[in-house]
Amino acid sequence: MAAQGIAEQLTALLRADLVKSDLTSLEAYSRDATPLFRGVPDVIVSPRSTADVVKVVKFANETNTPIIARGAGSNLSGATVPLQGGIVLAMANMKSVLEVSKSEMIAVVQPGVTNIDLDELVAKEGLRFIPDPGSRNVSTIGGNAATSAGGLRGLKYGTTKNYVLGLEAVIGTGEILRTGGRLVKDVAGYDITRLLVGSEGTLGIFTEITVALAPRPQLSKYGVAYFDSLASAAQAVDQVMLAGLLPATLEFLDNTCIVAVEDFAHLGLDKEAGALLLFGDDGDEASVTPALTRMAEIIKSASGCRGLTLAADVAAADALLYARRCSLPALARLGSLSILEDIAVPRPKMAEAVRKIEEIAQCYNLRIGTFGHAGDGNLHPTIVVDKDIPEEVRKAELALREIFQIAIDLGGTITGEHGVGSAKLPFLEPLLGPVNMQLQRNIKKVFDPKGILNPGRLGS
Amino acid sequence: MTQPFTQSKLDRCISCGYCLPACPTYQLTGAEESSPRGRITLMRAVQDARLPLESLLPESNFCLGCRACEPVCPAGVEYGVLLEEMRDATWKGKNKPLIVRALFLAVGSTLRVRALALLSPIARKRKARTDLHLMLGCFERRLFPRVSRAVAQIEPTCSISKDQGCCGALHAHNGALEKGKAMAKALGEQLPGTILTTAGGCAAHLSSVLGRDRVKEFSEWFTLNNQQLTPLTKNGRPVRIGFQDSCHLRNGMSVFNEPRTILKSLGEYIEVPDAAACCGAAGTYALLQPKNSRKVVSKKVQDIAALNLDYLATVNPGCTRQLQSELRRAGVKTKVVHLAELVERALSANS
Numbered sequence: 015m016a017a018q019g020i021a022e023q024l025t026a027l028l029r030a031d032l033v034k035s036d037l038t039s040l041e042a043y044s045r046d047a048t049p050l051f052r053g054v055p056d057v058i059v060s061p062r063s064t065a066d067v068v069k070v071v072k073f074a075n076e077t078n079t080p081i082i083a084r085g086a087g088s089n090l091s092g093a094t095v096p097l098q099g100g101i102v103l104a105m106a107n108m109k110s111v112l113e114v115s116k117s118e119m120i121a122v123v124q125p126g127v128t129n130i131d132l133d134e135l136v137a138k139e140g141l142r143f144i145p146d147p148g149s150r151n152v153s154t155i156g157g158n159a160a161t162s163a164g165g166l167r168g169l170k171y172g173t174t175k176n177y178v179l180g181l182e183a184v185i186g187t188g189e190i191l192r193t194g195g196r197l198v199k200d201v202a203g204y205d206i207t208r209l210l211v212g213s214e215g216t217l218g219i220f221t222e223i224t225v226a227l228a229p230r231p232q233l234s235k236y237g238v239a240y241f242d243s244l245a246s247a248a249q250a251v252d253q254v255m256l257a258g259l260l261p262a263t264l265e266f267l268d269n270t271c272i273v274a275v276e277d278f279a280h281l282g283l284d285k286e287a288g289a290l291l292l293f294g295d296d297g298d299e300a301s302v303t304p305a306l307t308r309m310a311e312i313i314k315s316a317s318g319c320r321g322l323t324l325a326a327d328v329a330a331a332d333a334l335l336y337a338r339r340c341s342l343p344a345l346a347r348l349g350s351l352s353i354l355e356d357i358a359v360p361r362p363k364m365a366e367a368v369r370k371i372e373e374i375a376q377c378y379n380l381r382i383g384t385f386g387h388a389g390d391g392n393l394h395p396t397i398v399v400d401k402d403i404p405e406e407v408r409k410a411e412l413a414l415r416e417i418f419q420i421a422i423d424l425g426g427t428i429t430g431e432h433g434v435g436s437a438k439l440p441f442l443e444p445l446l447g448p449v450n451m452q453l454q455r456n457i458k459k460v461f462d463p464k465g466i467l468n469p470g471r472l473g474s
Numbered sequence: 414m415t416q417p418f419t420q421s422k423l424d425r426c427i428s429c430g431y432c433l434p435a436c437p438t439y440q441l442t443g444a445e446e447s448s449p450r451g452r453i454t455l456m457r458a459v460q461d462a463r464l465p466l467e468s469l470l471p472e473s474n475f476c477l478g479c480r481a482c483e484p485v486c487p488a489g490v491e492y493g494v495l496l497e498e499m500r501d502a503t504w505k506g507k508n509k510p511l512i513v514r515a516l517f518l519a520v521g522s523t524l525r526v527r528a529l530a531l532l533s534p535i536a537r538k539r540k541a542r543t544d545l546h547l548m549l550g551c552f553e554r555r556l557f558p559r560v561s562r563a564v565a566q567i568e569p570t571c572s573i574s575k576d577q578g579c580c581g582a583l584h585a586h587n588g589a590l591e592k593g594k595a596m597a598k599a600l601g602e603q604l605p606g607t608i609l610t611t612a613g614g615c616a617a618h619l620s621s622v623l624g625r626d627r628v629k630e631f632s633e634w635f636t637l638n639n640q641q642l643t644p645l646t647k648n649g650r651p652v653r654i655g656f657q658d659s660c661h662l663r664n665g666m667s668v669f670n671e672p673r674t675i676l677k678s679l680g681e682y683i684e685v686p687d688a689a690a691c692c693g694a695a696g697t698y699a700l701l702q703p704k705n706s707r708k709v710v711s712k713k714v715q716d717i718a719a720l721n722l723d724y725l726a727t728v729n730p731g732c733t734r735q736l737q738s739e740l741r742r743a744g745v746k747t748k749v750v751h752l753a754e755l756v757e758r759a760l761s762a763n764s
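Protein chains in written order, with the working numbering: chain U, 15 to 474; chain C, 414 to 764.
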């Protein structure tokens, strides 16, 4: 159907101001945070209610029109780029927090609420929303649930999939599905809630999300250690875990990142070090201080440790966290195109993975900085090139393929927390194998028989 | 067509979207095209000739130009520069707002700026330090003459010359970029040495053209002097003072602690919620987009009303004007004054 026809029909179904099809608006929604992916939609719809979403999905189902749900568009896998055109469902204006129950420690929200807005709201009740992806200031709970977003607390607390208790979603036929609810214990039937979390908009459009909250810790403390190599840092992390400690924060930067961050932010980092390890814990005074002291003792006496400092106050801790958080922008300034990847490997294999990534960087003569979550084996190798040199871009793509293969060979995954989207779809089958892939496609058909929900992604 | 944007400045944006929550127009609409990232996507489309230049016009008009997106940008995108380039490219011919034309005319020459303030009792001219000059501004000179009188009292060593024109911020922000830069350079020649200014918007523009070390905004300058202030009182209690940041002073020059430090010694300082968020004055915005400007300021008016302040201090004439009129309209008794006026009162109460 012609684009203008779609817009006219949707305008007849919905309030006129919820539908846009001018070229300017369409262009604005042609991208998300993923480099190299672009696709212009035919129409943008900004629903205000579940009823609006039902109308749009029913229309799309009848007319075989692709429909792409979008929160903040901050994903890094090209999951919300309308590569086949169609309808972008912009959920940003469905942003009410419907309920916060302090005694049940849950919140019921619309999908467009941002992660930080929810966290700040529940903080007033002494509670915390645990998932804290790097994009938390902008990303929405709908997007977090659709990608099962991770963050810096994965090892101790898990990720979004551990905190979604219930969903209201509109499936491909336009029917409203309610799954799960506000219960911690509920084993009635297949766990469709868990299936929908991380489904990247391919099984249903979330319209209401019930999330579990946790008590807000009294304090967090942090320290930083430098190592000769990432391998020795990884061994130190093993020893921390073997001692029965479970740190809330265990983040690392490789030498390329340390140098980039130091040149950018001038924090006084040790540029000679092979790896920087940021560690920390949260809880109450009685538990955090002893835990951090033990961690520091273990890390300090680990082989290859060049030095260790505990953050004396909040400002010092913030500076340490800033070093980790600004890794990507610091790297990004070194070239006009940065491709941030997201493999995860079993923690004992982490050092090996990083070493192999370094070999790839040398082999292709590429700048690859790796930072990530040392506690859960989630690595973010970041390739920085000049976008105007096709040869460099091509080398980057080849290097990425090899990096994915390393992850698979080491028993890991091609994406820890960013999602498959379009960027990693070609690498899914080698990871999952034919049986799993066929099941995924069959599942997709059950929820979305005509294949209108985020087509060309998971389940396709 | 020549490309309207500096390519390297467009390339900086990594499309992460971290700017979205900071943007007042995105907060109003939830629309990607009305966010800094969305606007840069549109600029790129125009730069690459996928969209016609005219398609930028609605967003060129809608953007406040507050630059709240800059401090939160992890990639260091100079959005303010890109916006100036966007306005420069789009506000041409019939698309140049009539009000802007009239304002340009009013401040187009030093003579006209002087004529504008003919009846305004501004600070008297004087020769003092040759390396420190008070900038009188154009509309501040006309609308708020007390501000320059206050600074003349506070800083007796600064020279005051009436032979000075507009700094060109008005032009740079409203589609006449080169003219705006030329005017800043001319003012830099009229006022040698350090230029002391009471307007955040002018300070940011001047420093972007003349260099950061040539320009001192009033609060910055006063903080350096470290003068003791006695708190102002009302009915025997310290006055309750709030503060509204100047967007360009904060987002363009990173000056936001200084005014607060001063205000804390002037009375009971109360931080206004979202004081860093634009008040909707945004240079000519309140005149060009009155409806949107009111939408932006409405929550701020409620917040200020709830605080029951005696004074709301400002550091930019546009903010003073906007908040004076909006608070009056809402029946809020809080007086909106420039920070320098409060400092002058505290100093004269001392002596």
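Heads up, some of the hints might be wrong.
What the hints assert, rightly or not - Once the Cα atoms are required to be at most 30 angstroms apart in a straight line, the calculated DSSO-like pairs of lysine-lysine come out as:
no., chain 1, residue 1, chain 2, residue 2
1, U, Lys199, U, Lys285
2, U, Lys72, U, Lys138
3, U, Lys401, U, Lys170
4, C, Lys538, C, Lys505
5, C, Lys422, U, Lys401
6, U, Lys170, U, Lys314
7, C, Lys647, C, Lys505
8, C, Lys538, C, Lys594
9, U, Lys175, U, Lys69
10, C, Lys647, U, Lys138
11, C, Lys509, C, Lys748
12, C, Lys540, C, Lys422
13, U, Lys409, C, Lys422
14, U, Lys409, U, Lys363
15, C, Lys704, U, Lys109
16, U, Lys109, C, Lys677
17, U, Lys138, C, Lys575
18, U, Lys138, C, Lys712
19, C, Lys422, C, Lys538
20, C, Lys677, C, Lys748
21, U, Lys401, U, Lys314
22, C, Lys594, C, Lys677
23, C, Lys505, U, Lys116
24, C, Lys509, C, Lys647
25, C, Lys598, C, Lys647
26, C, Lys507, C, Lys708
27, U, Lys109, C, Lys748
28, C, Lys540, C, Lys594
29, C, Lys708, U, Lys285
30, U, Lys285, U, Lys363
Stated by the list, open to error - Footprint (simulated), chain U over chain C, 3 or more residues, beta carbon under 8 angstroms:
no., region
31, 578-590
32, 646-657
Just so you know, the hints here were simulated from the structure itself, not pulled from any lab data.
For clarity, every value in this text was computed on a predicted model and none was experimentally measured.
Ideal Cβ positions, reconstructed from N, Cα and C, are used throughout, including at glycine.
Do the hints match the structure? See the list:
Among the hinted pairs, U/Lys199 with U/Lys285 is inconsistent with the structure: their alpha-carbon atoms are about 49 angstroms apart, more than 30 angstroms. Pair hint U/Lys72 plus U/Lys138 does not hold up; C-alpha atoms about 40 angstroms apart against a cutoff of 30 angstroms. A threshold of 30 angstroms between alpha carbons decides the hint, and for U/Lys401 with U/Lys170 the separation of about 38 angstroms lies outside it, so the pair is violated. This hinted pair does not check out: C/Lys538 and C/Lys505 have alpha carbons roughly 38 angstroms apart, beyond 30 angstroms.
About 14 angstroms separates the Cα atoms of C/Lys422 and U/Lys401, which keeps this hinted pair within 30 angstroms; it holds. A C-alpha spacing of about 22 angstroms is found between U/Lys170 and U/Lys314, which places the hinted pair at or below 30 angstroms, so the restraint holds. For the suggested pair C/Lys647 and C/Lys505, the alpha carbons sit about 51 angstroms apart, so the restraint of at most 30 angstroms is broken. About 26 angstroms separates the Cα atoms of C/Lys538 and C/Lys594, which keeps this hinted pair within 30 angstroms; it holds.
Of the supplied pair hints, the one linking U/Lys175 and U/Lys69 holds, its CA atoms being roughly 28 angstroms apart against a limit of 30 angstroms. As the CA atoms of C/Lys647 and U/Lys138 are separated by approximately 34 angstroms, the hinted pair breaks the 30 angstroms bound. Of the pairs offered as hints, the one joining C/Lys509 and C/Lys748 is violated, with about 35 angstroms between alpha carbons and a cut-off of 30 angstroms exceeded. For the hint pairing C/Lys540 with C/Lys422, the CA-to-CA distance comes to about 42 angstroms; that exceeds 30 angstroms, so the pair is violated.
Of the supplied pair hints, the one linking U/Lys409 and C/Lys422 holds, its CA atoms being roughly 25 angstroms apart against a limit of 30 angstroms. Taken as a hint, the U/Lys409 and U/Lys363 pair is honoured in the structure, with Cα atoms around 25 angstroms apart against an allowance of 30 angstroms. Among the hinted pairs, C/Lys704 with U/Lys109 is consistent with the structure: their alpha-carbon atoms are about 24 angstroms apart, no more than 30 angstroms. A C-alpha spacing of about 37 angstroms is found between U/Lys109 and C/Lys677, which places the hinted pair above 30 angstroms, so the restraint is violated.
For a cut-off of 30 angstroms, the pair hint linking U/Lys138 to C/Lys575 is broken: about 54 angstroms separates their Cα positions. For the hint linking U/Lys138 to C/Lys712, the alpha-carbon distance of about 21 angstroms falls within 30 angstroms, and the restraint holds. Distance restraint check for C/Lys422 and C/Lys538: the Cα-Cα separation of roughly 42 angstroms exceeds the 30 angstroms cut-off, and the hinted pair is therefore not satisfied. Straight-line distance between C-alpha atoms of C/Lys677 and C/Lys748 comes to about 17 angstroms, which keeps the hinted pair within the 30 angstroms bound.
Proposed proximity of U/Lys401 and U/Lys314 is contradicted: the alpha carbons are some 42 angstroms apart, above 30 angstroms. Straight-line distance between C-alpha atoms of C/Lys594 and C/Lys677 comes to about 36 angstroms, which puts the hinted pair past the 30 angstroms bound. Proposed proximity of C/Lys505 and U/Lys116 is contradicted: the alpha carbons are some 56 angstroms apart, above 30 angstroms. Among the hinted pairs, C/Lys509 with C/Lys647 is inconsistent with the structure: their alpha-carbon atoms are about 48 angstroms apart, more than 30 angstroms.
Proposed proximity of C/Lys598 and C/Lys647 is contradicted: the alpha carbons are some 44 angstroms apart, above 30 angstroms. Taking the CA atoms of C/Lys507 and C/Lys708, the gap is about 27 angstroms. The hint holds against a cut of 30 angstroms. Proposed proximity of U/Lys109 and C/Lys748 is contradicted: the alpha carbons are some 36 angstroms apart, above 30 angstroms. A hinted pair counts as satisfied when its Cα atoms are at most 30 angstroms apart, and C/Lys540 with C/Lys594 qualifies at roughly 27 angstroms.
A C-alpha spacing of about 49 angstroms is found between C/Lys708 and U/Lys285, which places the hinted pair above 30 angstroms, so the restraint is violated. This hinted pair checks out: U/Lys285 and U/Lys363 have alpha carbons roughly 25 angstroms apart, not beyond 30 angstroms. For the region 578-590 of chain C, the stated coverage by chain U is violated: 0 residues have a C-beta nearer than 8 angstroms to a C-beta of that chain, whereas at least 3 were required. A count of 0 residues in the region 646-657 of chain C with a Cβ less than 8 angstroms from any Cβ of chain U is obtained; the coverage claim is therefore unmet, three being the minimum.
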